[in-house]
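**Student:** Use these hints to put chain Z onto chain G, whose structure you have.
Protein chains in written order, with the working numbering: chain G, 1 to 141; chain Z, 1 to 163.
According to the in silico footprint, chain G covers these stretches of chain Z (three or more CB under 8 angstroms from chain G): (1) 81 to 91; (2) 97 to 111.
Residues from chain G that face chain Z, not an exhaustive set, calculated with beta carbons under 10 angstroms: (3) L24; (4) P27; (5) S76; (6) P84; (7) I85; (8) S86; (9) K87; (10) S113.
These aren't lab readings, by the way, just hints derived from the structure by calculation. Think of the CB as a built atom: it goes at the ideal place given N, C-alpha and C, for glycine as much as any other residue.
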Amino acid sequence: MIATALGASIEGKEIHITSRKLNLREPRVAPQQLLLYPFRTGINSKAEIIKELVPKLTRIKVTSRLDKGDQLVGVSIAGHAEKPISKAALVKGSGRHKAKQIKARGGSFAEISIPRREILTQQASNISAPHNSVTLTIKKR
Amino acid sequence: MSEYELTPTGLVGSMDIVRGAKVTGAEHVTHIAAVVQATDNTYLIKHAWSMQQFTTNLSEYTNFVIKTLVLAIRAQKRHLEYNEYNNAYLLDQMSEKEFEKISKTFALVPVSIDIDLLIKHIETLTTITQLDFNEAELADIYGCDESIIRKAINFIATQVQPA
Numbered sequence: 001m002i003a004t005a006l007g008a009s010i011e012g013k014e015i016h017i018t019s020r021k022l023n024l025r026e027p028r029v030a031p032q033q034l035l036l037y038p039f040r041t042g043i044n045s046k047a048e049i050i051k052e053l054v055p056k057l058t059r060i061k062v063t064s065r066l067d068k069g070d071q072l073v074g075v076s077i078a079g080h081a082e083k084p085i086s087k088a089a090l091v092k093g094s095g096r097h098k099a100k101q102i103k104a105r106g107g108s109f110a111e112i113s114i115p116r117r118e119i120l121t122q123q124a125s126n127i128s129a130p131h132n133s134v135t136l137t138i139k140k141r
Numbered sequence: 001m002s003e004y005e006l007t008p009t010g011l012v013g014s015m016d017i018v019r020g021a022k023v024t025g026a027e028h029v030t031h032i033a034a035v036v037q038a039t040d041n042t043y044l045i046k047h048a049w050s051m052q053q054f055t056t057n058l059s060e061y062t063n064f065v066i067k068t069l070v071l072a073i074r075a076q077k078r079h080l081e082y083n084e085y086n087n088a089y090l091l092d093q094m095s096e097k098e099f100e101k102i103s104k105t106f107a108l109v110p111v112s113i114d115i116d117l118l119i120k121h122i123e124t125l126t127t128i129t130q131l132d133f134n135e136a137e138l139a140d141i142y143g144c145d146e147s148i149i150r151k152a153i154n155f156i157a158t159q160v161q162p163a
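Chain G on its own, in the form it takes in the complex (with noise of 0.2 angstroms):
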């Protein structure tokens, strides 16, 4: 399943994250004395479950989804894992351009904060859209 939406999140145990463009920073310390490793990407993201998580229920977000190859594509997408981002590896990117792919482990989670072009401008064109410009089509039978 492809999530796109703003928002969209997925939990793992360990979740691929694919972008041209990545920022780690400094990791975070969790309630539960947890050290979190935060990431953020840009350009033309996309972030998968690799390994689903054991027991099979969400940690961080209600809606998170939690199957085995769910996917979430956008514009840029953070997140963080419970253990440290590992060495980017050089993959087939959009076009000509390669991109990069790091393995976010432990406990994983990845969710969309800038959604892809197209997803923003048909947001954009529905609040514009007055509501009397919806046109029915009535077919005669």
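**Tutor:** Just chain Z, lined up with the frame of chain G:
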């Protein structure tokens, strides 16, 4: 704005100024916005602020700006230092356990911050530097949760007091 009535014999108010007389005793420096002749013998001084108020406000603002910039510089310095260790780990110059130990020293414990103060800090920082900061960067600078930053940014963008 305070108003003082100036008569030929003196000023009716708290300021010790006598028209045409030499200044003696304490010196009063004030910002006078306008002097209006009300009657033949009466003048109205539109007084904006006293010099003391002005300097106090100025020093408070300057201290706030310095504090805002110091917080940002400290966060940048910490980020650069952390990146050095992170790069060393990514280039296999350091084991995972060793890196985890070092990263504990850089770990941020989210603190609670007054949202009004945060809004002032963010507005000052963006005005002075003329740079765009994302939620994550601001959360690192002020050591707070990203959700509070989101509320503050939302307030600045919409100018609506957050709930």
